[in-house]
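Which chain is which? The protein sequence lines are S and Y, in order. Its first residue numbered 1, the first sequence is counted upward by one per residue in the working numbering. Its first residue numbered 249, the second sequence is counted upward by one per residue in the working numbering.
Quick caveat, the hints were computed from the structure, so don't treat them as lab data. These numbers come from a predicted model, not from an experiment. Among the clues, some could well be false.
Straight line, CA to CA, 35 Å or less: simulated DSBU-like cross-link-like pairs of lysine-lysine [unchecked claim]:
hint, chain 1, residue 1, chain 2, residue 2
1, S, LYS176, S, LYS212
2, S, LYS212, S, LYS4
3, S, LYS71, S, LYS176
4, S, LYS125, Y, LYS252
5, Y, LYS252, S, LYS131
6, S, LYS71, S, LYS229
7, S, LYS176, S, LYS220
8, S, LYS229, S, LYS212
9, S, LYS71, Y, LYS252
10, S, LYS4, S, LYS71
11, S, LYS176, Y, LYS252
12, S, LYS71, S, LYS228
13, S, LYS131, S, LYS176
14, S, LYS71, S, LYS125
15, Y, LYS252, S, LYS228
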Amino acid sequence: MSEKVLCVTNLSKQYGDMTAVDAISFEVHAREIVGLLGPNGAGKTTTINMILSILEPSSGSIHVEGMDIAKQRSAALACTNFAAVYAPLPGNLTVYQNLKVFSLLYGVQDQGHGLEVLIDRFDLKPFRNIKCGLLSSGEQTRVGLAKAMLNQPHLLLLDEPTASLDPAVARDIRLKIREFVTQTSAGVLWTSHNMYEVEAICDRVLFLSHGKILLEGDPKILPREYGKKTLEELFITVAREPLSLENT
Amino acid sequence: MNLKRIFAVMLRQFYLMRGSFSRVVPLFAWVAVDMVLWGFLTRYLNVSASSGINFVFILLGAVLFWDFFIRVMQGVTMAFFEDVWSRNFLNMFASPITIAEYIIGLVVSSIGMTLIGLTAMILIAALCFGLSLMVYGMMIFPFLLILFLFGIAIGIFGCAIVLRLGPASEWFIWPIPAFLSPFVGVLYPISTLPQSMQHVSHLLPPSHVFEGMRAIVTGGTVSWPLLAWSGCLAIAYILLASWCFTRTYQHAVRTGLMARYSVESLS
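Chain Y on its own, in the form it takes in the complex (with noise of 0.2 Å):
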């Protein structure tokens, strides 16, 4: 493992946020935006509801350690893209760089463009809307390490599919989050999930982090062994994803598709 070519890919993910004010804005405008509307609702809720439950630390808590989740991701993804749309996959791979420090260079390039959505969420959240993570204790800890490993996961996948199916197959990158969001119980007990869909959910590890959340903000405790399965969950997922990537890299290398990567192949 080299160091300097993993510092080298995230060194051209800085140098283009660095240069771009188009590529900075959206890291925290989104969550921005989203941090707002619901923190509205939740405060709305908790006025016209009487159940006693504080919907900020619920609902907002879960928003923002959702959005999270997403700007993880996409911080890979974006990174990646960066290549697609530069058309650099000739220069990049022709070059010593290894698969394994070409991924890890994408994760650490995730982990700081992650830092200014996140940096943002808790400052809105936390300044307009009264939510502090401290709600949540040391639990803050593994519930962002879960999520961060599982958008690490989803993040080298939807690579892996727009190095296989051209760069136009972005579009099935984006909505991967809102395909995801009703499985994992974002906004609601797994409980009120039809059976079926309940089953998909115990293999998403995101549900365990809302589960235990929600467990933690009604009094109650957080399930430790099914928490400690949901990190190995992300772990084994992330050893599938870039086992995934790998092939899809091998493949292309295979089929002459990584040489005429920007002409559109689905064969």
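Chain S on its own, in the form it takes in the complex (with noise of 0.2 Å):
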């Protein structure tokens, strides 16, 4: 197996009585892409909010690249990125702008050719000069995306990248996630609600419930091996019925 680009060991976290994510351990290696899966309120963008450092687990460790971000929080970070709808650059900044300025913050070295590099890999030169609030969704998620691929991550987070963008043009991101994992090795923690995209594009799956990992593997093979035809059945029956799924 090759070596661990995030360790995750019993993370939890309480916001008083309630559990949002309960004691998970989990790791994504080098070339690997992960799928964090499960139902709205599972715990998924609690457990990538945690892995960004910008919510404190109540207990449990996260290393990146072997660094503990608690302790190396910025040269964790530092080797890390992310993208999520939720999480738009400004809009008042241009395309241009705000790659640049956020290769700054990453410390990236070629910000000459390496940003117009990724600007037509993304295909964003038409909007380069364009406000970023000006853009489509699905043009505001293609800039979100070369952001997350500035530094050239060791660890790539993705919340739901495809969420806003056409058959074609997520068809297209996803070749460009993939040949972007095999050509640097990075790890990539992906979610989805999208079952077929995350049956194209993950080595393996965790599946979420009510902040516990309750199903783990490939996700060609789960379905069947929990008595499933297709992997949205399962994620289906992880929403409905976890406690079916646990006593298996």
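Quick one: dock chain against chain with the hints and give me the complex.
Written as structure tokens, this is what we have:
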């Protein structure tokens, strides 16, 4: 097995009496795309927020490239990046300005040619000098993904990255992410509600329910192991009858 | 400390200013209005009052200094509000930037914005009303430095309040200078105030600047120990405000406020 880029150990988050994430442990390896699946409120975004260190865990630890995020936050985040539909880049800056500012924040060395290559790769050339707020949601998603790859992260966190894209662009983006993983040996943690997409791109999936990891495995094999025809069917079972799987 | 990340915060502000007429105009418009209003008032007082005091140096100079303080403070808060308004906290604080780098970035952004306002004020006051800052001699530098430091402190403290109470609480921040002005004696000597208010005045660095400024204009001497005290106070307030901001940030990260900041939350 290749090296671990992310190691989450007994991670929990509590808000008063409510447990959002309940002692989960998992790893993401280099060149691996791991799907973090689960119904709304299962704890996916809470987990991602804790990995990004914008949410403090109640207990447990997170290591990125062997660095404890609680102790070496800056160094760990310098080799991490993310894209999420709920975190668009500032709409009052142009595509280029946003990428330039974030390239400085992430300590990117090649800010001239590197930015142009990224703009080109995500088909953003026509929008280079347009303010992000004026772009369509799909175009904004592409800018967010370009920002997420600025620093060639070893760990890439993608929270529903293709949610606002049409099927053709979504497929193109999936290919680009797969290509990025192959070329850079990054590890990816990917959340999505599109089970077709998950099956197509993820090497491994983790099913979260009520803050716990309920199932883990290969998305192409897992449904059969639990007597389901498709991953979507398995997802619905996790969402509606998680206890039936816990007892399996 | 990473200079690139500090530069990133400043560059973001520069891009915003460069591309926005409505952001640039307020930098000098309000201070220009203040200079004109107080300039004519002081000119009128010079003619009608027979005290022999040059009100241009006492009142217009004081208003210029006070506006400088307000510009510094608003320079910090405005740069912070840009992140609030564009819902950029998630992107900003999920990057490797540290709190110290972010705060320094806000301060550096403020310096640029303040210089524009200060230049406009000095030009109007000098060209239209004959106020030369040379009248304060070399003391102009410690005066401006103390006001600058205190402006930074109040600006950072304002950011902490908005971070803690949510975006709508920015309306608590704008009136802070107006709330402080009676205590610091911008327009009158501190001795005019009741004793209880004077106690507060002594704890506010600008009070000693305005007292010193009036002393110079009326031929008195500046109290160096008091000026040094106010400088130390201003530095202490910066440290205190930075501590407040850091604690508020840690609270926001612990409670989840940071992750859902755009949602109004006072919990």
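Now the hints, each set against the structure:
Pair hint LYS176/S plus LYS212/S holds up; C-alpha atoms about 31 Å apart against a cutoff of 35 Å. For the proposed pair LYS212/S and LYS4/S, the alpha carbon gap of about 21 Å is at most 35 Å, so the pair holds. The straight-line distance between the Cα atoms of LYS71/S and LYS176/S is roughly 33 Å, inside the 35 Å bound, and the hint therefore holds. For a cut-off of 35 Å, the pair hint linking LYS125/S to LYS252/Y stands: about 26 Å separates their Cα positions.
Under the criterion of a C-alpha separation no larger than 35 Å, the hint pairing LYS252/Y with LYS131/S is consistent with the structure, at around 23 Å. Between LYS71/S and LYS229/S, the direct Cα distance comes to roughly 44 Å. Violation of the 35 Å bound is thereby established for this hinted pair. Pair hint LYS176/S plus LYS220/S holds up; C-alpha atoms about 21 Å apart against a cutoff of 35 Å. A distance of roughly 24 Å separates the Cα atoms of LYS229/S and LYS212/S; the hinted pair therefore holds under the 35 Å criterion.
Between LYS71/S and LYS252/Y, the direct Cα distance comes to roughly 22 Å. Compliance with the 35 Å bound is thereby established for this hinted pair. A threshold of 35 Å between alpha carbons decides the hint, and for LYS4/S with LYS71/S the separation of about 18 Å falls inside it, so the pair holds. Of the supplied pair hints, the one linking LYS176/S and LYS252/Y holds, its CA atoms being roughly 29 Å apart against a limit of 35 Å. As the CA atoms of LYS71/S and LYS228/S are separated by approximately 43 Å, the hinted pair breaks the 35 Å bound.
This hinted pair checks out: LYS131/S and LYS176/S have alpha carbons roughly 24 Å apart, not beyond 35 Å. Straight-line distance between C-alpha atoms of LYS71/S and LYS125/S comes to about 39 Å, which puts the hinted pair past the 35 Å bound. Among the hinted pairs, LYS252/Y with LYS228/S is inconsistent with the structure: their alpha-carbon atoms are about 52 Å apart, more than 35 Å.
Of the numbered hints listed earlier, those contradicted by the structure are 6, 12, 14 and 15.
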